[in-house]
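Note that the protein sequences, when read in sequence, are chains A and B. Everything in the first sequence is counted per numbering that gives the first Met the number 0, starting at 0 for the first residue and increasing by one. Everything in the second sequence is counted per numbering that gives the first Met the number 0, starting at 0 for the first residue and increasing by one.
Calculated directly from the structure, the hints in this document are not laboratory data. Remember, predicted model here, so these are calculated numbers, not experimental data. Cβ atoms here follow ideal geometry from the backbone N, Cα and C, with glycine treated the same way. A couple of the hints might just be wrong.
Below, computed lysine to any residue pairings styled on SDA-like, alpha-carbon distance capped at 20 angstroms [unchecked claim]:
hint, chain 1, residue 1, chain 2, residue 2
1, A, 114, B, 258
2, B, 226, A, 171
3, B, 238, A, 87
4, B, 422, B, 385
5, B, 272, B, 320
6, A, 63, B, 450
7, B, 226, A, 114
8, A, 78, B, 19
9, A, 76, B, 104
10, A, 72, B, 272
11, A, 178, B, 54
12, B, 54, A, 114
13, B, 163, B, 272
Have a look at the derived ranges for each label pair, beta carbon to beta carbon [claimed, not checked]:
hint, chain 1, residue 1, chain 2, residue 2, range
14, B, 195, A, 52, 47 to 57 angstroms
15, A, 189, B, 212, 42 to 52 angstroms
16, B, 184, A, 142, 48 to 58 angstroms
These are the residues of each chain, in order.
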Amino acid sequence: MSEEKEKEVMEETAAENTEEAVPEAKPEEKSKDCSKKEKKKKVEEKIEELEKEKAELSDRLLRKAAEFDNYRKRTEKEKLESVSIGKAAALEGILPVFDSLTMAMNTECSDEKYKKGIELTVQMFKNALDRLGVTQMDCLGKPFDPNFHNAVMTEAAGEGVESGIVTKVLQNGYMQGDKVLRHAMVAVSE
Amino acid sequence: MGKIIGIDLGTTNSCVAVLENGEPVVIPNAEGSRTTPSVVAFSKEGERIVGQVAKRQAITNPDRTVRSIKREMGSNYKFTVDGKDYTPQQISAMILSKLKGDAEAYLGETVTDAVITVPAYFNDAQRQATKDAGKIAGLNVRRIINEPTAAALAYGVDKEQSQKVMVFDLGGGTFDVSIIDMGDGIQEVLATAGNNRLGGDDFDQRIIDWMADAFKSENGVDLRSDKMALQRLKEAAEKAKIELSGMTQTQINLPFITADATGPKHLDMTLTKAKFEEMTADLVDACTGPVRQALRDANLQPSDLDKVLLVGGSTRMPAVQEAVKKIMGKEPFKGINPDECVAVGAAIQGGVLGGEYKDLLLLDVTPLSLGIETEGGINTRIIQRNTTIPTKQSQIFSTAADGQTSVEIHVLQGEREFARDNKTLGIFRLDGIAPAPRGIPQIEVTFNIDANGIVHVAAKDLGTGKETNITIQSSSNMSKDEIDKAVRDAEQYAESDKKRKEEVENKNAADTVAYQAERMLKDLGDKVDEADKAEVESKVKDLRAAIESNDQDAMKQRREALEQKVYEISSKVYSAAQQAQQAQGQPNYGAPEQDSNSGYSNNNGYTDASYTEVPDDDNR
Numbered sequence: 000m001s002e003e004k005e006k007e008v009m010e011e012t013a014a015e016n017t018e019e020a021v022p023e024a025k026p027e028e029k030s031k032d033c034s035k036k037e038k039k040k041k042v043e044e045k046i047e048e049l050e051k052e053k054a055e056l057s058d059r060l061l062r063k064a065a066e067f068d069n070y071r072k073r074t075e076k077e078k079l080e081s082v083s084i085g086k087a088a089a090l091e092g093i094l095p096v097f098d099s100l101t102m103a104m105n106t107e108c109s110d111e112k113y114k115k116g117i118e119l120t121v122q123m124f125k126n127a128l129d130r131l132g133v134t135q136m137d138c139l140g141k142p143f144d145p146n147f148h149n150a151v152m153t154e155a156a157g158e159g160v161e162s163g164i165v166t167k168v169l170q171n172g173y174m175q176g177d178k179v180l181r182h183a184m185v186a187v188s189e
Numbered sequence: 000m001g002k003i004i005g006i007d008l009g010t011t012n013s014c015v016a017v018l019e020n021g022e023p024v025v026i027p028n029a030e031g032s033r034t035t036p037s038v039v040a041f042s043k044e045g046e047r048i049v050g051q052v053a054k055r056q057a058i059t060n061p062d063r064t065v066r067s068i069k070r071e072m073g074s075n076y077k078f079t080v081d082g083k084d085y086t087p088q089q090i091s092a093m094i095l096s097k098l099k100g101d102a103e104a105y106l107g108e109t110v111t112d113a114v115i116t117v118p119a120y121f122n123d124a125q126r127q128a129t130k131d132a133g134k135i136a137g138l139n140v141r142r143i144i145n146e147p148t149a150a151a152l153a154y155g156v157d158k159e160q161s162q163k164v165m166v167f168d169l170g171g172g173t174f175d176v177s178i179i180d181m182g183d184g185i186q187e188v189l190a191t192a193g194n195n196r197l198g199g200d201d202f203d204q205r206i207i208d209w210m211a212d213a214f215k216s217e218n219g220v221d222l223r224s225d226k227m228a229l230q231r232l233k234e235a236a237e238k239a240k241i242e243l244s245g246m247t248q249t250q251i252n253l254p255f256i257t258a259d260a261t262g263p264k265h266l267d268m269t270l271t272k273a274k275f276e277e278m279t280a281d282l283v284d285a286c287t288g289p290v291r292q293a294l295r296d297a298n299l300q301p302s303d304l305d306k307v308l309l310v311g312g313s314t315r316m317p318a319v320q321e322a323v324k325k326i327m328g329k330e331p332f333k334g335i336n337p338d339e340c341v342a343v344g345a346a347i348q349g350g351v352l353g354g355e356y357k358d359l360l361l362l363d364v365t366p367l368s369l370g371i372e373t374e375g376g377i378n379t380r381i382i383q384r385n386t387t388i389p390t391k392q393s394q395i396f397s398t399a400a401d402g403q404t405s406v407e408i409h410v411l412q413g414e415r416e417f418a419r420d421n422k423t424l425g426i427f428r429l430d431g432i433a434p435a436p437r438g439i440p441q442i443e444v445t446f447n448i449d450a451n452g453i454v455h456v457a458a459k460d461l462g463t464g465k466e467t468n469i470t471i472q473s474s475s476n477m478s479k480d481e482i483d484k485a486v487r488d489a490e491q492y493a494e495s496d497k498k499r500k501e502e503v504e505n506k507n508a509a510d511t512v513a514y515q516a517e518r519m520l521k522d523l524g525d526k527v528d529e530a531d532k533a534e535v536e537s538k539v540k541d542l543r544a545a546i547e548s549n550d551q552d553a554m555k556q557r558r559e560a561l562e563q564k565v566y567e568i569s570s571k572v573y574s575a576a577q578q579a580q581q582a583q584g585q586p587n588y589g590a591p592e593q594d595s596n597s598g599y600s601n602n603n604g605y606t607d608a609s610y611t612e613v614p615d616d617d618n619r
């Protein structure tokens with residue numbers, strides 16, 4: 000406040016307090032009144048400042064708490080899923096081996112015993128996949144669905160076959176539970 | 000307003016990231032991938048498909064699938080489907096929409112604001128189109144920033160003093176070089192150059208051709224015309240390329256790749272790193288042209304640049320890194336995942352705009368472990384090093400001798416197993432413990448480190464409620480070098496420390512068992528028959544002798560033998576008591592739990608660690 004303003008206020012205050020005022024109001028008493036009012040104002044301002052700061056800090060705290068809670072919930076979920084994810088990663092690497100083995104099984108072989116051995120091995124593999132909750136997709140002749148199938152080629156539709164149907168399965172697709180483990184590599188009718 | 004996400008809207012692939020407590024997190028999409036292909040398609044029914052799914056159906060639906068729409072941003076290009084026209088920004092909006100949805104699913108909250116990156120050479124129309132795309136997708140685009148700038152942010156370059164940085168971005172299908180002048184929060188693009196038809200895919204193609212050509216000359220069949228074989232070749236080529244970034248050779252093994260009248264055919268080839276680099280040398284060379292061009296345009300020499308940052312998955316190839324090093328005369332920076340660093344930088348920018356750094360509670364850690372000295376001179380750690388502070392940890396200890404009425408808390412800082420090898424932070428005492436057999440009193444020692452790193456250690460006798468404590472100011476006064484040395488020493492001496500600690504613990508255990516056996520005899524009195532009593536006394540004597548002579552093996556053997564005998568006796572005593580009770584019709588409580596480490600008495604889960612008594616007349 001400027002000096003003049005201060006003086007004005009002092010005079011106003013003095014005027015207001017005339018009835019109760021001592022007839023000869025000393026300057027020190029007048030300035031005591033003013034500084035009391037100033038002090039009060041300062042305190043009020045400080046309170047307002049602190050309340051604002053408190054509100055801000057409370058807000059920040061709540062946000063951090065919420066962020067932490069979200070993080071915790073998400074981490075719990077990820078923990079539960081991590082076993083599945085680990086399994087899927089391991090299986091992904093092994094499926095191409097199964098593909099090869101199946102191709103071997105489907106190849107002409109004059110040695111019956113040897114062929115039988117391959118067939119039994121393929122069956123072993125199938126059982127192992129079974130126990131891991133892996134199922135083979137059944138897509139041949141079904142409508143193409145990019146959520147499950149990966150189209151690498153198109154070909155002319157055969158007799159009585161509509162367009163958009165899976166005409167060949169070039170590489171089998173697999174599900175792990177209700178999640179896609181590997182998309183089926185297919186040919187689709189034009 | 001929630002978090003501001005950072006989006007790298009790429010030509011071939013897009014990536015989203017966000018800051019969480021100041022740390023960038025890449026957000027996986029609904030399928031679990033950290034990047035999403037920038038592919039959009041309209042199904043036969045008119046349904047919108049974005050990402051990996053769109054890629055998988057592209058070949059069955061070529062006219063209704065859009066790739067690389069980024070190349071058309073800012074132009075009048077229209078994509079027409081079902082009689083409707085779509086602008087590039089509308090198509091991009093579909094990609095952004097998916098990214099937004101995936102981010103919301105991951106974060107568990109609505110996302111309304113984003114920072115999106117664009118190439119440094121994008122003009123006004125292209126930038127505006129990107130901003131519009133965001134708006135159409137329901138995002139408030141807080142800022143459009145340049146991709147090389149975002150990369151620099153990810154590397155923290157903006158926090159350093161003014162410098163000139165080159166960003167070398169070799170992605171799946173495009174190559175961009177930028178030179179940026181960074182400093183005082185301002186980034187100025189000095190030059191850009193590149194080749195937007197050069198990328199990792201071209202390197203893959205070389206391998207595919209090499210394999211197919213070799214196969215053709217041997218078998219007379221071109222695998223590239225067999226769609227399935229080609230797909231397998233593509234996957235194998237990409238895998239081989241990636242492997243050769245770390246190994247000197249890789250085997251490409253594709254049994255039953257095809258078949259003809261003569262039977263099945265297999266592909267089995269070995270590709271060496273040298274051969275791979277030979278067949279892709281011209282592609283690497285093609286990268287050097289734009290680098291020199293950018294330097295010329297910026298009127299700079301390689302030595303004028305302070306840093307070179309690598310962006311884009313293809314910069315993982317050693318040949319590319321070496322070429323960069325050769326021209327620029329310095330080692331390029333490659334610490335951050337090159338596929339993700341642009342999105343990370345955008346997230347950092349988003350964090351700054353969102354006040355994340357203002358809110359950031361920069362958390363400190365305690366650099367070395369804190370503990371107290373326990374029986375045998377062992378350092379028993381209570382707070383592990385690198386624990387985030389503020390933190391509070393307590394542990395309960397007990398006395399080492401019968402009738403001990405005072406314990407000394409010797410506060411230690413360090414990683415070594417023995418107290419004497421660590422730093423003493425302070426020593427204080429807790430008196431007035433009620434006299435009791437050793438191991439009975441419960442002294443709770445609490446370490447409390449406040450946010451300023453000041454350590455408060457308190458010891459409280461849970462029996463009497465008496466407590467003393469100490470405040471240590473100087474615990475973090477060690478320099479980083481001193482801390483590193485302490486950790487290194489601990490690792491170096493870990494083996495020998497461990498062995499000595501085991502010896503001490505063995506001795507402590509032997510001592511405890513001997514003591515407890517004697518107490519048992521005293522407590523049970525004549526419930527134990529003379530023969531058993533004599534045997535126990537003799538075994539205790541032998542055990543004590545072994546302790547005296549510090550014979551580790553003997554201590555272990557004799558302790559175990561004594562424990563056995565003690566169990567035997569107490570079992571006898573309890574079953575005798577049981578029979579007596581049953582005779583009286585009392586309930587049968589069964590045999591008591593035996594704590595294998597401490598013989599007869601029940602330790603109640605306390606650490607079997609105790610203090611040495613501080614004599615009263617000691618002047619401390």
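Results of checking the hints against the structure:
1. A:114 x B:258: 18 angstroms, holds
2. B:226 x A:171: Roughly 15 angstroms between the alpha carbons, so the hint for residue 226 of chain B and residue 171 of chain A holds.
3. B:238 x A:87: 18 angstroms, holds
4. B:422 x B:385: Judged against 20 angstroms, a Cα distance of about 17 angstroms means the pair holds.
5. B:272 x B:320: 14 angstroms, holds
6. A:63 x B:450: 17 angstroms, holds
7. B:226 x A:114: Distance ~28 angstroms between residue 226 of chain B and residue 114 of chain A Cα, so the pair is violated.
8. A:78 x B:19: 18 angstroms, holds
9. A:76 x B:104: With Cα atoms ~12 angstroms apart, residue 76 of chain A and residue 104 of chain B stay inside 20 angstroms; holds.
10. A:72 x B:272: With Cα atoms ~45 angstroms apart, residue 72 of chain A and residue 272 of chain B exceed 20 angstroms; violated.
11. A:178 x B:54: 19 angstroms, holds
12. B:54 x A:114: 39 angstroms, violated
13. B:163 x B:272: 34 angstroms, violated
14. B:195 x A:52: 47 to 57 angstroms: 52 angstroms, holds
15. A:189 x B:212: 42 to 52 angstroms: Distance hint for residue 189 of chain A, residue 212 of chain B is violated at roughly 30 angstroms.
16. B:184 x A:142: 48 to 58 angstroms: Since residue 184 of chain B and residue 142 of chain A have Cβ atoms about 56 angstroms apart, the given range 48 to 58 angstroms holds.
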